[in-house]
Amino acid sequence: MGLKVQSHHSVAVRLTEQLGTKRKYTLINRAWLPKMLMLWIMVVAFVSSVFYDGMDAENKVRRKEVLVSMCDQRARMLQDQFSVSVNHVHALAILVSTFHYYKIPSAIDQETFAEYTARTAFERPLLSGVAYAQRVVDSERGEFERQHGWTIRTMKREPSPIRDEYAPVVFSQETVSYIESLDMMSGEEDRENILRARATGKAVLTSPFRLLGSHHLGVVLTFPVYKIKLPPNPSEEERIEATAGYLGGAFDVESLVENLLGQLAGNQAIVVNVYDITNCSDPLIMYGRQYQDGDMSLNHVSMLDFGDPFRKHQMICRYLQKAPIPWTTLNTTFLFFVIGLLLGYILYGAAIHIVKVEDDFHEMQELKFRAESADIAKSQFLATVSHEIRTPMNGILGMLALLLDTDLSSTQRDYAQTAQACGKALITLINEVLDRAKIEAGKLELEAVPFDLRSILDDVLSLFSEKSRHKGIELAVFVSDKVPDIVMGDPGRFRQVVTNLVGNSVKFTERGHIFVQVHLAEPAKAIMDAKSETCLNGGSEGIVLSGGCQFKTLSGCEAADDRNSWDTFKNLIADEQFRVDTSNKVMITDETSQNVTLMVCVEDTGIGIPLHAQERVFTPFMQADSSTSRNYGGTGIGLSISKCLVELMGGHINFISRPHVGSTFSFTAVFRRCEKNVSGDLKKPLSDDLPTGFKGLKAIVVDGKPVRAAVTRYHLKRLGIVVEIVGSIRMAVAISGKNGSLRSKNEMQPDMILVEKDSWIYGDDSSVNLRLLDWEKNGHTFKLPKMILLATNINSAEFEKAKAEGFADTVIMKPLRASMVAACLQQVLGIGKKTLQGRDMLNGSAFLRSLLCGKKILVVDDNQVNRRVAAGALKKFGADVVCAKSGKAALSLLQVPHNFDACFMDIQMPEMDGFEATRRIRMMESEANEQIKGGSTIEGISKKAQWHVPILAMTADVIHATYDECLKCGMDGYVSKPFEEENLYQAVAKFFESKPILDP
Amino acid sequence: MLGFGEDRLRADMNRLLALLFHQGVLDEQFLQLQQLQDETSPNFVSEVVNIYFQESEKLLRNLRELLLDREFSDYKKMGIHLNQFMGSSSSIGANRVRNVCVAFRAASEQNNRPGCLRALELLEHEYCYLKNKLHELFQIEQQRVLAAGVRYPMQN
Chain A
1 MGLKVQSHHS VAVRLTEQLG TKRKYTLINR AWLPKMLMLW IMVVAFVSSV FYDGMDAENK
61 VRRKEVLVSM CDQRARMLQD QFSVSVNHVH ALAILVSTFH YYKIPSAIDQ ETFAEYTART
121 AFERPLLSGV AYAQRVVDSE RGEFERQHGW TIRTMKREPS PIRDEYAPVV FSQETVSYIE
181 SLDMMSGEED RENILRARAT GKAVLTSPFR LLGSHHLGVV LTFPVYKIKL PPNPSEEERI
241 EATAGYLGGA FDVESLVENL LGQLAGNQAI VVNVYDITNC SDPLIMYGRQ YQDGDMSLNH
301 VSMLDFGDPF RKHQMICRYL QKAPIPWTTL NTTFLFFVIG LLLGYILYGA AIHIVKVEDD
361 FHEMQELKFR AESADIAKSQ FLATVSHEIR TPMNGILGML ALLLDTDLSS TQRDYAQTAQ
421 ACGKALITLI NEVLDRAKIE AGKLELEAVP FDLRSILDDV LSLFSEKSRH KGIELAVFVS
481 DKVPDIVMGD PGRFRQVVTN LVGNSVKFTE RGHIFVQVHL AEPAKAIMDA KSETCLNGGS
541 EGIVLSGGCQ FKTLSGCEAA DDRNSWDTFK NLIADEQFRV DTSNKVMITD ETSQNVTLMV
601 CVEDTGIGIP LHAQERVFTP FMQADSSTSR NYGGTGIGLS ISKCLVELMG GHINFISRPH
661 VGSTFSFTAV FRRCEKNVSG DLKKPLSDDL PTGFKGLKAI VVDGKPVRAA VTRYHLKRLG
721 IVVEIVGSIR MAVAISGKNG SLRSKNEMQP DMILVEKDSW IYGDDSSVNL RLLDWEKNGH
781 TFKLPKMILL ATNINSAEFE KAKAEGFADT VIMKPLRASM VAACLQQVLG IGKKTLQGRD
841 MLNGSAFLRS LLCGKKILVV DDNQVNRRVA AGALKKFGAD VVCAKSGKAA LSLLQVPHNF
901 DACFMDIQMP EMDGFEATRR IRMMESEANE QIKGGSTIEG ISKKAQWHVP ILAMTADVIH
961 ATYDECLKCG MDGYVSKPFE EENLYQAVAK FFESKPILDP
Chain B
1 MLGFGEDRLR ADMNRLLALL FHQGVLDEQF LQLQQLQDET SPNFVSEVVN IYFQESEKLL
61 RNLRELLLDR EFSDYKKMGI HLNQFMGSSS SIGANRVRNV CVAFRAASEQ NNRPGCLRAL
121 ELLEHEYCYL KNKLHELFQI EQQRVLAAGV RYPMQN
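Line order of the protein sequences matches chains A and B.
Counting from 1, one number per residue, gives the positions in the first sequence under the UniProt record's numbering.
Counting from 1, one number per residue, gives the positions in the second sequence under the UniProt record's numbering.
The hints are simulated quantities; they were obtained by calculation from the structure and are not laboratory data.
Careful: at least some of the hints might be erroneous.
Result set (DSS-like, lysine-lysine): computed pairs, CA atoms no more than 27 Å apart in a straight line [to be verified]:
#	chain 1	residue 1	chain 2	residue 2
1	A	888	B	77
2	B	58	A	888
3	B	58	A	885
Based on the provided sequences and hints, a complete structural model is requested.
This is the structure:
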């Protein structure tokens, strides 16, 4: 029990180990999942922010571009308009110099100037007004004032103090007429302007200041007017010298720019500032509000060139409003983020799901393992328990056997026998359960030993012969000729399957037949497929037919699988014969393959399996229905075991069944071919030898039913008898008669005629007639063919009738078995009076007694106990036993001449073991035999042809190697130790059966 | 009265046998042995068993000597003894003794001295048990025969 516990423990350990290894293979690390999700979200956020930045930057660039283009456009326009005005002022300056100075007298006066300028004012939209100031040096002031009738005044409208020079306005446009007579040199900016202008000869600008008259910011433009035409590239002095006066105009920059911007689109969107940046550190504002407003983040600076190289101006534009929040970008990005988030979550969810599924899977796996181990444990338990039950059951049965040996009253005996029968049934059941459990636990292993299939089938048939006879069922076996004599496989298990199927059939069949067929799978299948019409399982038309019609099956009853009827069977046999006879090639190709697949069919005409139960026939412990076990008994485990066994043998089992018609179970099994040379050696011990004395005999089988006739022929053929089949007795008579008359040709002369009982009773031939015919022929023939009746069951009246009508010779009771047929024929034909294989004739114990009675037997064993037991056993059967303690003692006892009939030799002995002793004995014997041949006869033994004392090994380990060793050193057989009746009988029968004949 | 005694003794014997079978001390071979006993050899079983006891005691003694010889244990010789013990045990159907012998032999084949010692102890124990039980059995048998013998004249 400790062992078992340990094994369970080890199972559990293995289980956990397996689980442990399984655990490692997880797809996803669950601890990382939330981190992965967080990381994913961060990545998505980052990506979307990058995305947003990208889109926003693009927006900004576009915005900047717009600003730049707007700003540049404004600046250019401003510059253009400005230069247009400057040009016009320039033209005006030239006009003044031309008409005021070059013309003498001057063609321009205030009136003309005012009118002209007023009328050309549209040309100078930027200038609020123009005026001309004459250059007056101090020396000329008096004259000038006089000439014009006003004094030169400063900007503050006061009479000008004395200076070197003055620049009083002489002509002015009406719009600025208030500056007439004002000395331009008195204003700081104007003075500077004037000086610069006359030095450069170009238009110069003042820095912006509040204009007189209006409060707008403005600049003053000053052009010099020269008295004389200047030479090219004049020097500064020359310019100053030539200067006659100055033309000036005030630019109202503020309104100018205002106008300008007003004309342009998108005016209100941007803020424009214009600066004078001549002094870099202190830009002076020319336009725009001093305090900054608008979008400070973005501005654009455009340089302005107003034609004065000394002054620098610039325009700064910025958006009035801050950049609007980019909703589209924001939305897109947000959407992107959300999608990313969702995606991440989906992945996370999937991963979580996978993890969950994995967990479930592991759980399930664990449960599965647990269930499986529970199942194994169950099977093991079942096996153990069955085994444990068997042990005490053996005790019980043994005790019951003991009890039955004692003096019991009839009632007690009945009780005890009942108990024993029950016990045996229980043991059978337990064995079945054990088998089942073993198969489930995978503990069952098939042997691979050579065995004779036919003799096994015969054995199985013999098991059921009593029952079938009792029920009046035909029981028959047919093995195709192509099936090898010896195949390698597990005979026990094969027998078990067939026994089970046949047993079932016998159990459920009340009339008709049970027919076991064995064919090679391939041709049988091919033919059956070719023939197979749609065969309905349990079709109802069969029931209608089964009333009167005779089917061409074994007994004439309908079978479930009508493919097995004579039509197919005929083909199978014909095919075989054809193959055997003609095409050796085919055979060779068959031989080459190592395996041989056999198909075994067990056909019955029983109650069939109800349709609803057909699918669970092979399920363990399920019978067709619960009433089955009530009516017929049984556990319903047999078929499932059979199925398992068949599958272990590499085959399949299936069945066709029609209720009330019958069932046909067929299974295939794969066996190994047995090499020829091996089979030659092994054939002897494997198959119980059929007597060979019938070789060449001829028989006529009279049977109206071809299938049954084929079965009969099969058995006779195994005995070497040539068989002819005829349909009726009349035909048989005709054949034998013909042969009789044409005897000279030495054709078929039947030695026997086997008549099926049906043909005899129901046949139209008159048996009396037959007898007379026979008598008639008797004169011509040497020998009357023996008349043999074949019958499944026969009552005494029929028997008498048969006897009276010519079947005096014998009646062979079915089921036919080769050995039994042989026995009957021997009896009839009187071939060799030697005893047949005793199993059929006598029961072992009595037979043993008859074999051993009076024989002198030497038992050689070093073990005193064994010696005593063996001697006791042999004595019980009437043998005269002498014991020897060792091999040496045996040698001395077996010195030729001696009168021992056999020797039982222990193998394991000190000093000289059984093998060695046997070898020496054989050596001794051969020497003696040589001497006999040489003529020197030893007294008293001359009648013995050869010295050969049968030596049987006694051994505890019954393995083949030992057996081979036994044969090698000259032993004749072996018996297992301790003695068993059956075993002893088998070993002894082999060489004692021939003894009476050779040694009278 | 005496007849009843015989029946009871027979029942006792059978009970004892059943117990031994159930315990696995004996197996079917013992039954076979009993079957060999008949009128011609009325004491066959006890005769064989007595031989068995003598032999076994010799063997056990030898085994113990071999094992107690500290310097040198002749495992080969031990194996021969064990084989003999096993053979005779299986002949009389002493199942458990035989099984212990098998284990013993396995241990001796591996030169496993502690295992051998343990096995020897077990073997001696089993042997004693068997011996006691069989003695008991034979005692009952003897009584039964005596009882039966007393009955005969009454019947006659």
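### Task
Decide if the proposed pair is consistent with the structure: residue 58 of chain B and residue 885 of chain A, CA atoms, cutoff 27 Å inclusive.
holds (17 Å)
#### Entry: Proposed proximity, residue 77 of chain B with residue 888 of chain A (alpha carbon, max 27 Å)
holds (20 Å)
### Task
Take the C-alpha atoms of residue 58 of chain B and residue 888 of chain A, compute the straight-line distance between them, and say whether it is at most 27 Å.
holds (23 Å)
Going through the hint list in order, the structure satisfies each hint without exception.
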